[in-house]
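S.K.: Hints in hand, dock the two standalone chains.
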Amino acid sequence: MEIEFLFWDGCPSHPEARQLLDDVLAERGLDVAVKVREVYTQAEAEELRFPGSPTIRVDGKDVDPGSASARPALNCRIYRKPDGRPSPVPTREQLEAALS
Amino acid sequence: MTIALATEAPTFDLPGVDGRQHSFGDYADTTALAVVWSCNHCPYVQAWEGRMIELQREFGDGGFGLVAINSNDADAYPEDSFEAMQARAEGQGFNFDYLYDEDQSVLNAYGAERTPEVFLFDGDRRLVYHGAIDDSREEDGVSQQYLRDALAAVLSGQEPPLSETPAVGCTVKWK
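These protein sequences, in sequence, are chains A and B.
Residues in the first sequence are numbered from 1 upward in steps of one, following my numbering.
Residues in the second sequence are numbered from 1 upward in steps of one, following my numbering.
Bound conformation, chain B alone (with noise of 0.2 Å):
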């Protein structure tokens, strides 16, 4: 079942691409933290996937932080192998922690459905926005920058304009 609104955000201490372990304490110093579901397998990741850097990268040094989390089933879809994240992070430049929840823990403790889909933090780690990233995977037809808008709300103090918006993408692939 997925996390409600205001729920305080469930732990994880899990591998990454980089070879290291990382642990939910890690991103203490970021003001809003949007933990992702993704993989690589999937064509909507595939196509959100510029605007997670582009993310990042604009709003990395203001508080915000972005961890994508792939918890797909690697023995049904060897696409998304963590060997799989490590070359995908790797040429796709990500600048953003991939992170691999083998065993689905962390996938059950959120209950994700889809990839991508959004859970956005505020500092006090309450869930204040679930859902998609925008309004479009066409990168040219998007009219609604979701979590663009929640983040930069959150770190100016303010509540997201948004707080739900349905996640539009492939099924996360259970075990």
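Excised from the complex, chain A in its bound form (with noise of 0.2 Å):
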């Protein structure tokens, strides 16, 4: 299994959704290796078809496919929680099903 983490550090969030991601794993008793890049222009973002901080794939798919395909851009990601509000990170859930 391969896990990407991209950030931009711009936005305040990866921090959150990192130790979410850690937690996840930890739990699952995953020991994995987490591949972490920061992406700092939107050269780069373009490039890595990053949608927004945090991105994080699992074996190059996205945790949240809805959303994956957004234009590329140094901002912070907008998931959604299952009642549809807003949130920075995504879900516990979405890890979860993603790491399944």
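What the hints contain is simulated information worked out from the structure, not anything from laboratory work.
Each hint should be verified, as a subset may be incorrect.
[Said to hold, decoys possible] Sample of chain A residues at the chain B side, in silico, Cβ under 7 Å:
| # | residue |
| --- | --- |
| 1 | G10 |
| 2 | V36 |
| 3 | C76 |
| 4 | P86 |
| 5 | P88 |
Small disclaimer: the values here were computed from a predicted structure and weren't measured.
Idealized CB from N, CA, C, for every residue including glycine.
M.R.: Shown next, in the form of structure tokens:
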């Protein structure tokens, strides 16, 4: 399993998302090295198809496929909770589903 | 550079999503005026929008006014264009003015860094509170209602219990 964690430091949500990812990995007993990459420029965002920070991919597949095709940009990514409320981090359920 | 506490409010004259021009003097009848840096595309703003609407609804008839300003570079972030602002305000039912600072001159005057970021002015238009709306983007996790407490204090002629907190949100998008 390969996990990529892409972030832009201009958005403050990445430490929370990384902690959530680490928690879910630990709960599942998964000892997987997370490839962390910081995105610095719009050109990098486009090259990496980075729709916002943070973006987490498991074996190349985005944990939130529904918003993965948004315009590449250096911004905070919008995730949705099950009730539709916005969040700057993916839900635990999204991470669990991506890792199962 | 962000304006300091007790600084007199920089004025503005900006177009609003209602198609009208809004000058700072339009809010002269308010005793407490919150100028909030905002935008469309930020999940932190979206998480707090409902609470901005609620504060305006609850205190708007009692001398409080809330004005949201979007200064983001709409060329780089088209989700924050004036047309998108109009759609957002209509879709979310904003009950406060939502203004567009296209040339970023007002942003430059205030020195805001995040969205959302609150500047609360008293009746003399001196800055009395600067920072976050409350202490949690999750509504059910709020334990400190910074802006609500500050504006209630101003409306009753008191000093806000807290004058500065860190604004948590997206960075403003300079041109």
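S.K.: Taking the numbered hints from earlier one at a time, note which ones the structure violates and give those numbers from smallest to largest.
M.R.: Violated hint (a single one): 2; every other hint is consistent with the structure.
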